[in-house]
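Q: One letter stands for each residue in the lines below.
There are 2 protein chains.
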Amino acid sequence: MIDAIRSAAPSDMNGDDAAVLSPSSFASKTVCSTDLLVEGQHFRGDWSTPYDVGRRAVVQNFADIEAMGARPVALLLGVAAPPELDSDVLTGIAKGIADEAGRWPAELVGGDVVTSERLTLSITAIGELAGPAPALSLSGAHPGQTLIASGRLGYSAAGWALLEHFGSPDAIPDSEHLQTLVDAFRVPSLARARGTVARSTGATAMTDNSDGLVVDLSTMARASHVTIDLDKDAIAPDPAVREAARLLGRDPMEWICQGGEDHALLATTGADIPSGFRFLGRVHKQGAEPLTIDGQSPTFTLGWDPFGEESFGSDSSDRE
Amino acid sequence: MIDAIRSAAPSDMNGDDAAVLSPSSFASKTVCSTDLLVEGQHFRGDWSTPYDVGRRAVVQNFADIEAMGARPVALLLGVAAPPELDSDVLTGIAKGIADEAGRWPAELVGGDVVTSERLTLSITAIGELAGPAPALSLSGAHPGQTLIASGRLGYSAAGWALLEHFGSPDAIPDSEHLQTLVDAFRVPSLARARGTVARSTGATAMTDNSDGLVVDLSTMARASHVTIDLDKDAIAPDPAVREAARLLGRDPMEWICQGGEDHALLATTGADIPSGFRFLGRVHKQGAEPLTIDGQSPTFTLGWDPFGEESFGSDSSDRE
Chain B
1 MIDAIRSAAP SDMNGDDAAV LSPSSFASKT VCSTDLLVEG QHFRGDWSTP
51 YDVGRRAVVQ NFADIEAMGA RPVALLLGVA APPELDSDVL TGIAKGIADE
101 AGRWPAELVG GDVVTSERLT LSITAIGELA GPAPALSLSG AHPGQTLIAS
151 GRLGYSAAGW ALLEHFGSPD AIPDSEHLQT LVDAFRVPSL ARARGTVARS
201 TGATAMTDNS DGLVVDLSTM ARASHVTIDL DKDAIAPDPA VREAARLLGR
251 DPMEWICQGG EDHALLATTG ADIPSGFRFL GRVHKQGAEP LTIDGQSPTF
301 TLGWDPFGEE SFGSDSSDRE
Chain W
1 MIDAIRSAAP SDMNGDDAAV LSPSSFASKT VCSTDLLVEG QHFRGDWSTP
51 YDVGRRAVVQ NFADIEAMGA RPVALLLGVA APPELDSDVL TGIAKGIADE
101 AGRWPAELVG GDVVTSERLT LSITAIGELA GPAPALSLSG AHPGQTLIAS
151 GRLGYSAAGW ALLEHFGSPD AIPDSEHLQT LVDAFRVPSL ARARGTVARS
201 TGATAMTDNS DGLVVDLSTM ARASHVTIDL DKDAIAPDPA VREAARLLGR
251 DPMEWICQGG EDHALLATTG ADIPSGFRFL GRVHKQGAEP LTIDGQSPTF
301 TLGWDPFGEE SFGSDSSDRE
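Keeping their order, the protein sequence lines are chains B and W. For the record, in the first sequence the residue sitting at position 301 is 301 according to UniProt numbering, with numbers rising by one throughout. For the record, in the second sequence the residue sitting at position 289 is 289 according to UniProt numbering, with numbers rising by one throughout.
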């Protein structure tokens with residue numbers, strides 16, 4: 001198993017009691033985040049390939065690093081796998097991890113392999129926050145700022161709904177739009193280095209859309225003691241999301257507002273909107289509610305919780 | 001679950017998308033290592049309390065950080081737990097983590113909680129390697145150096161053998177020595193800061209005894225292209241280990257040579273033996289075998305593998 005992983009995701013930093021990461025600049029801080037992915041809960045072998053699972057594991061962790069305004073540099077992987085697991089599965093996961101991490105670039109620098117009945121992955125991402133400027137926190141939003149976003153909204157939830165409804169990828173009607181949504185569920189699209197770009201151009205708060213747009217922004221608003229007002233036009237569903245909603249008879253705004261795991265970066269800035277971001281709303285003085293849409297209470301306020309998971313540490317400070 | 005963990009192991013660094021760790025000095029490097037612990041495989045609820053499990057998880061990870069000559073500063077915890085799990089179990093684990101990590105001092109800065117049938121913990125330790133001196137690697141041993149150790153040998157294996165043989169802690173004959181061994185299996189004893197002391201006093205190679213003394217030192221010897229000769233008198237079993245061996249009719253040298261998970265630090269140095277370490281053997285030019293005992297081939301050469309696990313990244317580079 002180890003050989004399969006190491007040959008698919010090679011790193012010179014791998015091979016001692018622990019990996020040593022050298023900072024690329026003086027005064028840099030270390031940023032870290034961890035996630036667990038359990039087969040049947042966070043991924044399904046019949047919905048995603050092992051390669052997809054590896055890429056997705058990287059995206060969801062690197063989004064947390066980017067959301068601090070930091071640069072992902074390394075990953076640690078823990079694998080608990082049934083002894084009879086085909087080594088191709090681990091090779092696929094490791095290859096997905098290596099390819100996705102390589103985009104930043106970052107490397108798989110170490111890990112652990114144990115046996116367990118159920119395939120379970122633990123992924124830890126390590127990032128570097130260079131220079132003296134503070135990290136982009138949940139509590140850094142200020143009244144008067146602009147809310148900006150990098151990444152898609154509602155795609156992952158729509159893709160999940162399609163797979164749920166049709167039961168298998170092959171049963172989903174042939175459509176480029178629908179395929180995009182399913183692909184987005186399998187591997188959310190995370191643009192590289194938007195976190196560091198936002199931090200270096202004046203953003204002060206950032207998070208990623210992992211638990212649902214309304215929930216994640218409400219968490220930011222409470223931590224910052226502000227009200228965040230989403231612009232209704234700015235969060236209007238894309239054509240792909242609308243097509244899936246029509247097909248399934250659903251309200252696309254449910255996926256936009258409650259869908260998580262798009263890992264879109266959501267930031268607030270008092271400066272111009274930086275490259276790769278778009279306008280999403282405005283930050284106001286703290287009002288009666290943490291989050292509004294065009295000044296109104298949102299209709300869809302639940303969090304994204306298809307499998308009943310929780311996370312802490314890590315982006316859930318003020319969440320109810 | 002999250003509340004239980006956060007109140008038992010509080011940290012101001014916990015509560016955003018990712019934790020931010022500030023280095024305590026310029027030019028410091030980040031060191032990281034991860035482990036998975038699966039209930040029934042790496043710990044048993046009838047042999048260890050949740051508090052013990054939490055402490056042990058910290059020790060085995062911090063030993064990897066210390067073995068690089070670094071200072072542990074933070075931990076990330078992933079918990080996959082059955083929904084019906086008593087929250088006292090998680091509180092106990094988190095309290096054990098907080099207390100053991102607090103000795104360094106280090107904090108639990110983030111994590112993730114998901115559901116799974118089998119209680120599984122992922123622990124990631126982050127350490128800081130201050131100053132420009134290199135880390136203590138597996139490949140840094142040189143002929144002419146002294147092999148030194150900090151920590152016990154054979155205790156964890158003897159404690160495990162007692163629990164295996166008698167089936168339950170209560171069935172083990174009442175004896176201070178035997179109790180010490182069982183305690184050492186539950187929570188190996190890791191002296192604080194011996195890694196940084198060794199690095200600052202001239203040690204050049206270090207690892208910890210996690211997979212067995214002979215296996216771990218053979219790995220170091222191969223990586224360093226040397227032969228390590230253990231001094232037979234220096235590795236003679238302590239009275240507690242001898243008492244357990246007599247009781248079970250075993251050869252105590254089997255536990256000394258093949259027993260792992262004592263997490264004793266094993267280093268080579270060309271200077272005086274630093275505080276907290278003792279003489280264990282000598283480093284010679286590469287001979288026919290990577291490891292000898294008083295110049296002879298060791299009788300017990302297997303690795304410590306009570307549950308059939310593997311680890312990579314992380315201390316298994318040249319291991320067969």
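Be aware that a few hints might be false.
[What the hints assert, rightly or not] Ranges of calculated distance between the beta carbons of each label pair, as one might list FRET restraints:
| # | chain 1 | residue 1 | chain 2 | residue 2 | range |
| --- | --- | --- | --- | --- | --- |
| 1 | B | 82 | W | 88 | 21 to 31 angstroms |
| 2 | W | 183 | B | 179 | 53 to 63 angstroms |
| 3 | B | 83 | W | 276 | 34 to 44 angstroms |
| 4 | B | 83 | W | 296 | 32 to 42 angstroms |
| 5 | W | 175 | B | 103 | 50 to 60 angstroms |
| 6 | W | 165 | B | 131 | 39 to 49 angstroms |
| 7 | W | 165 | B | 25 | 52 to 62 angstroms |
| 8 | W | 231 | B | 134 | 32 to 42 angstroms |
| 9 | B | 83 | W | 83 | 25 to 35 angstroms |
It is worth saying that the hints were derived from the structure and are not from the lab. Small disclaimer: the values here were computed from a predicted structure and weren't measured. A virtual CB, placed ideally from N, CA and C, is assigned to each residue, including glycine.
Q: Now look at each hint and say whether the structure bears it out.
A: Structure-based check of all given hints:
1. B:82 - W:88: 21 to 31 angstroms: Since residue 82 of chain B and residue 88 of chain W have Cβ atoms about 30 angstroms apart, the given range 21 to 31 angstroms holds.
2. W:183 - B:179: 53 to 63 angstroms: Taking Cβ atoms as reference, residue 183 of chain W and residue 179 of chain B lie about 58 angstroms apart, which means the hint holds.
3. B:83 - W:276: 34 to 44 angstroms: Taking Cβ atoms as reference, residue 83 of chain B and residue 276 of chain W lie about 40 angstroms apart, which means the hint holds.
4. B:83 - W:296: 32 to 42 angstroms: holds (36 angstroms)
5. W:175 - B:103: 50 to 60 angstroms: Distance hint for residue 175 of chain W, residue 103 of chain B holds at roughly 58 angstroms.
6. W:165 - B:131: 39 to 49 angstroms: With Cβ atoms ~58 angstroms apart, the hint is violated.
7. W:165 - B:25: 52 to 62 angstroms: holds (56 angstroms)
8. W:231 - B:134: 32 to 42 angstroms: Check failed, 53 angstroms falls outside 32 to 42 angstroms.
9. B:83 - W:83: 25 to 35 angstroms: holds (26 angstroms)
Violated hints, in rising order: 6, 8; the structure is consistent with all others.
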